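Per my numbering, numbering of the sequence shown is gapless, rising by one per residue and ending at 1169.
Treat the hints as calculated values from the structure; they're not laboratory data. Keep in mind it's a predicted model, so treat the numbers as computed, not measured. Be aware that one or more of the hints could be misleading.
[What the hints assert, rightly or not] What follows is a set of in silico ranges between Cβ atoms, one per label pair, in the way DEER data are often shown:
hint, residue 1, residue 2, range
1, D1049, G1146, 21 to 27 Å
2, G1135, A1111, 19 to 25 Å
3, W1087, D1137, 17 to 23 Å
4, A1154, D1125, 22 to 28 Å
5, D1125, Q1090, 36 to 42 Å
6, E1133, Q1113, 17 to 23 Å
Here a beta-carbon is modelled for each residue, glycine too, at the ideal position from N, C-alpha and C.
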Amino acid sequence: MSKDPTDVALLTARAQVLADLRTHGAETPETVTVVEHALVERKWWVEQWPDGAAFVPGLIGQDVQEALAEQGRVWPPCPLHDDHPLYLEPELGEDPHWVCERAGAVIAPLGALTSTRPPNERAVGDA
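With the hints as constraints, model all of the structure from the sequences given.
As structure tokens, then:
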């Protein structure tokens, strides 16, 4: 495996985003293509700014989320509310994590989503 920081950052981002897509049954050939396209775009970005390598996983996650939203897909779905996706924070920073902006709750680090709701939590509209 390459020790190049750019390659490491990109491969880490790819693994984390694909894991979260897989968790919600959204890892399809089409979404993998979206991930690969985001990686190509961000490779240039991180080559220009090597100190930003630690930010690449979150940026790739955001890129994929935006591309899927343009297709009318909500990903990843919020486990606390049925009507909106989770968002990555920080927008530009290390150690990105998925949050429910409405509840102000941290749900999981990028790459560690689960397909179930946290204990004692219900989605809006649940009986």
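Any hints from earlier that this structure breaks? Give me their numbers in increasing order, please.
1
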